[in-house]
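Asks: Here's the letter readout for the chains.
Number of protein chains: 2
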Amino acid sequence: MTAPATKRLVMKFGGTSMGDLERIRRAARIVAAEVKAGHAVAVVVSAMAGKTNELVAWTDGAGPAAAGLPLSDDEYDVVVASGEQVTSGLLAITLRNMGFNARSWMGWQVPIKTDEDHARARIVDVPGDVLGAALDAGEIAIIPGFQGVSPTNRITTLGRGGSDTSAVAVAAALGCACDIYTDVDGVYTTDPRIVAKARRLEKVSYEEMLEMASLGAKVLQTRSVELAMGMQVPVRVLSSFIEADENGNLPAKAGTLICDEEEIVEKRIVSGVTMSRDEARITLLGLGDRVDAPADVFTRLAEASVNVDMIVQSQARTEGAVNLTFTTGRRDATRAADLMRAAQAEIGFEEIRIDEDVAKVSVVGVGMRSHAGVAQTMFKALADKGIKFQAISTSEIKISVLIDAAYAELAVRALHSAYGLEAV
Amino acid sequence: MTAPATKRLVMKFGGTSMGDLERIRRAARIVAAEVKAGHAVAVVVSAMAGKTNELVAWTDGAGPAAAGLPLSDDEYDVVVASGEQVTSGLLAITLRNMGFNARSWMGWQVPIKTDEDHARARIVDVPGDVLGAALDAGEIAIIPGFQGVSPTNRITTLGRGGSDTSAVAVAAALGCACDIYTDVDGVYTTDPRIVAKARRLEKVSYEEMLEMASLGAKVLQTRSVELAMGMQVPVRVLSSFIEADENGNLPAKAGTLICDEEEIVEKRIVSGVTMSRDEARITLLGLGDRVDAPADVFTRLAEASVNVDMIVQSQARTEGAVNLTFTTGRRDATRAADLMRAAQAEIGFEEIRIDEDVAKVSVVGVGMRSHAGVAQTMFKALADKGIKFQAISTSEIKISVLIDAAYAELAVRALHSAYGLEAV
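In order, the protein sequences belong to chains C and L.
Just so it is clear: in the first sequence, position 27 is 27 by the UniProt record's numbering, and no numbers are missing.
Just so it is clear: in the second sequence, position 272 is 272 by the UniProt record's numbering, and no numbers are missing.
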C-alpha cells in the first residue's frame, strides 16, 4: 500500500469547538482523521467560547473613562489576542499527545501581516512559503485566528469574527481549500429557528453567501467571504459535532460548499431568505428641494463613516420640499441623527424622525440575473399576508424590503414558501 | 523650577499586585508617582495571581498522558506566557487613561533573548538600545515578566518566579536600579510568622540574599539575585500596599536594598536565619569501603541532575564499610532513591533509608568571614534547647544544620535570639 499523496487543507475551529479540553480533544480527533486521510493540515483556532468577552471586559474596565483620551486599540489587541494564543498551544499539545507532529505559529511568527488599524486590522499579506514547507514536512501547523502583526511589529486583531478571515487568508497563502467547523452544519435557505423546514444548501456561490452574510446570516463573517471570493478559496462550512469512527475515519462531508457560481450546476433562482433587525430608519421631513440637498446629507454621513443602505425620496406636504428616508445599522442611528440635527440649518429640513422598530427581509439568488418575475413573486407573497414595505433596495442578486419589525418572521416564512425553498 | 533630570528605573509588580483591575490601578499610581519624581520607567509585570496556575492546569490536562511521548514545553510556554501578556496590556491602558504615554513590549519585541530550554529558559541577552530610547523619549515601557524569545523565534518562559529575573535583566540592559514591589515590605532577619520580633533589614548583600533565597526565604527567586550580583544591579524589595499622597508623591522608600557588600557600612555577623522543609535525607548503609564508592554515588546523581546538598560519611557496623548520608530537595528524593536501588549491586551497599521528616536551619551573614565563634554560638543555642543535628554544611557566609523537622521553629527562634537579631 502506498501512502496517499498529501493535499494541503486548512481547518478552522470556532470558540464553541475550543470551549474546553474535551472539545479541544474532539477537534484534535477531526484533525487527526484528515491527516490520516492524506491531508497536510494547517488549523486556525478561535479563543475558548466566552474568553474573548472576558478579555474585552477587562480592557473596558481599564480603558479610557476620561473624555478626550485616545482609545488604546493597540493594547486592546495585546490583551485580546491572548485568547487564541492559549487555544493554539493547547491544541498543539493535544495533537502531540495523540502522536502527531504539531506546533503553534503565532500571528507574528507566520507572519499574518496586517495594516496598523488596531482592533479592526485588515490582512495585507500572508507568506505561504515557510508555513507550506512545515506542512509538507509533515507538521500540523496550528495558527491562532483573529490576530496578526502590524508593519511596526505590534500585535493586531482583525475585529470580532476575524478568525474566519484568518483561515481563508491562510488557505489562500497555502493554495488550498478551507473547512470551517462551527456549531451549525452548513448554510441554510433561511434561519431554521424561524422556518422549521429550512433546507441546508449543498453549494452556494460566493456572491450569494456575501449577500447572505451581510444581510444577517451569521454563519460566516462577511470579510472572510469577500476574501475567499477574491482569492478563489473554496470554503466548506461543517459541523464540529461529528466524531471519527473506530478506524479514525470521518463521516462523508456534509455541510455547505461556498464556491464559484460556475461550479454550481443546478442553479436556483432564489437560494435563501434572510432577515436582519439591526436596522434603523431615519426620515428627514420637509427637506428643501435643492438639487444637491440629498448629496449634502449623504456626504456628511459618509464622512462620519455611517453606512447608509436603503434610500427613498418622496414628495412632502410642503410645496417645493421632499421627505428623505434612509436606513443605517442600528448602532449608527443615534450618531447619524445627531449629525443631521447639528447641521439642520445648513442642510435645511423641518423635522427628523427615527424608527428602530423595523426589519429588513431579503431574498438572495444568482438566478435573478437571468429570471424575470422574482420581484413580483416577492411583492405578491408579502401583499397576500398584508405586509407593507417602507423601502426597497436591490442588487443584481438580491431584493431587500424594509418592513415593520412585528411582521419579520411572518414575511420570512411567506417568502421561503413562495420561492419553494422548503425541504421535501 | 526646572524639571528634574530623568533617571531610568525598572519597577516590577508581582501577581498579587496585578490581581484585578483595582490592584492594577494602584500599581499604575505607584508608577505615575515615580514618573512624576523624574524617573524614566520600565515596568515588568507578572500575570494576575492564580492565572498562571490555571494555564498550567490546562496544559497538564491537554498534556502527554501516554508514556514515552516528549513533553511539549514549547507549547506550554505559548499557553502560559499569555498571562503576563494580558496584564502588560491592561497596565498600559490604565496608565494611558491617567494621561501617560505607555506601551507594552512583548518578550519577542524587546527582545528578551533566551536559550531554547523551554519552560526553564535562561536569559542570554537583552538589548537595551531600542527600549532605552523609548524610555528617554518619555514612554513608560511595560514588559511582561517570565517570558522571552528563543533563537528560533519561539516564545520561551523562564520557569516559575521568573518575572524577578526578567526585571533584573531589563534593569541591567538599561543600566539602572530595580524596584521589586511585592506583598511583603522587605527582607527580614527571619520569617515573621515564626519569630514575631523579626526585623526588616535595610540593606543586605547580594551574597547573603543569594544564600537566604536558596535556603528557603521566598522573597526573591535565586536566579534573579545571581543575575543582580553578576550585573551589579541594585535591587530594592518594596511593599506594593502603599499609596501616593494627594500630590501624587510616594512615602519615603522603606523596604530592603540588595546591594554590594561594600555599600553596607554596619556589617552584621549574622543577617538572617532561614528554614527549609523541602529536604530529604538519604542514607546508604554498609557502603563498601572502596575509595571511589562515594564518587560513584555522586556521579550517578549528578548525571541525573539531582542536586546534593549536605554529605556525611560515618563508620558502619560492618567491618570495612561506611554509611553515606546525603540530602536532596524533597522533590528529587524518590528519583534519587530509585537511582541508587537500580545500581545497588554496582555501587555495593547493604540498605537504603529515606527520611523526609527533616528540616534545614541556616544562619547567614557576611560577617562570618572575619569573625570566629559563629558556629559555636549556633551549636550552643541548639544544644541549650536539646536539639541534635544530623548533618552540617557550611559556606564562607552560612552554616546549615539538618535537624528533626519537629524542632524547626524552635531552632529558628533560638538562633534568632542567640545572634541578637530581634527588633528593639
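Since the hints were derived computationally from the structure, they do not count as laboratory data.
We put the beta carbon where it would ideally sit given N, CA and C, even for glycine.
Don't take each hint at face value.
[Said to hold, decoys possible] List of simulated lysine-lysine pairs, DSSO-like, C-alpha gap at most 27 Å:
id, chain 1, residue 1, chain 2, residue 2
1, C, K203, C, K36
2, L, K113, L, K7
3, L, K113, C, K113
4, L, K51, C, K51
5, C, K7, C, K51
6, C, K267, C, K203
[What the hints assert, rightly or not] For each label pair, taking beta carbons as the anchor points, the in silico distance ranges come out as:
id, chain 1, residue 1, chain 2, residue 2, range
7, C, K218, L, N53, 53 to 63 Å
8, C, E303, L, Q232, 23 to 33 Å
9, C, N53, L, Q390, 27 to 37 Å
[Stated by the list, open to error] Which bits of chain C does chain L cover? Going by a derived footprint, with three or more residues having C-beta under 8 Å, they are:
id, region
10, 55-63
11, 74-80
12, 92-101
13, 174-184
14, 270-284
Asks: Measuring from beta carbon to beta carbon, are K218 (chain C) and N53 (chain L) in 53 to 63 Å?
Replies: Because 36 Å falls outside the window, the suggested range is violated.
Asks: Check, residue by residue, whether the region 174-184 of chain C contains three or more positions whose beta-carbon lies closer than 8 Å to a beta-carbon of chain L, and give the verdict.
Replies: Check failed, 0 qualifying residues.
Asks: Is 23 to 33 Å right for how far apart the beta carbons of E303 (chain C) and Q232 (chain L) are?
Replies: 58 Å, violated
Asks: For K51 (chain L) and K51 (chain C), compute the direct alpha-carbon distance and say whether it is at most 27 Å.
Replies: 13 Å, holds
Asks: Cut-off 8 Å, C-beta pairs, minimum 3 residues; does the coverage of the region 92-101 of chain C by chain L stand?
Replies: holds (count 6)
Asks: Given the hint that K7 (chain C) pairs with K51 (chain C), test it: the Cα-Cα distance must not exceed 27 Å.
Replies: Roughly 33 Å separates the two Cα atoms, so the pair is violated.
Asks: CA of K113 (chain L) to CA of K7 (chain L), is that 27 Å or under?
Replies: This hinted pair holds, its Cα atoms lying about 25 Å apart.
Asks: Keeping to a limit of 27 Å between CA atoms, is the pair of K267 (chain C) and K203 (chain C) held or broken?
Replies: Roughly 10 Å separates the two Cα atoms, so the pair holds.
Asks: Given that the region 55-63 of chain C was listed as covered by chain L, double-check it with a C-beta distance under 8 Å for 3 or more residues.
Replies: Holds: 6 residues of the region 55-63 of chain C have a Cβ under 8 Å from chain L.
Asks: Has the given pair, K113 (chain L) with K113 (chain C), been kept, meaning a C-alpha gap of at most 27 Å?
Replies: Holds. K113 (chain L) to K113 (chain C) sits at ~23 Å (cutoff 27 Å).
Asks: So does N53 (chain C) sit 27 to 37 Å from Q390 (chain L), Cβ to Cβ?
Replies: 57 Å, violated
Asks: Counting residues of the region 270-284 of chain C whose CB is closer than 8 Å to a CB in chain L, do you get three or more?
Replies: Violated: only 0 residues of the region 270-284 of chain C have a Cβ under 8 Å from chain L.
Hint compliance for this structure: hints 5, 7, 8, 9, 13 and 14 are broken, all remaining hints hold.
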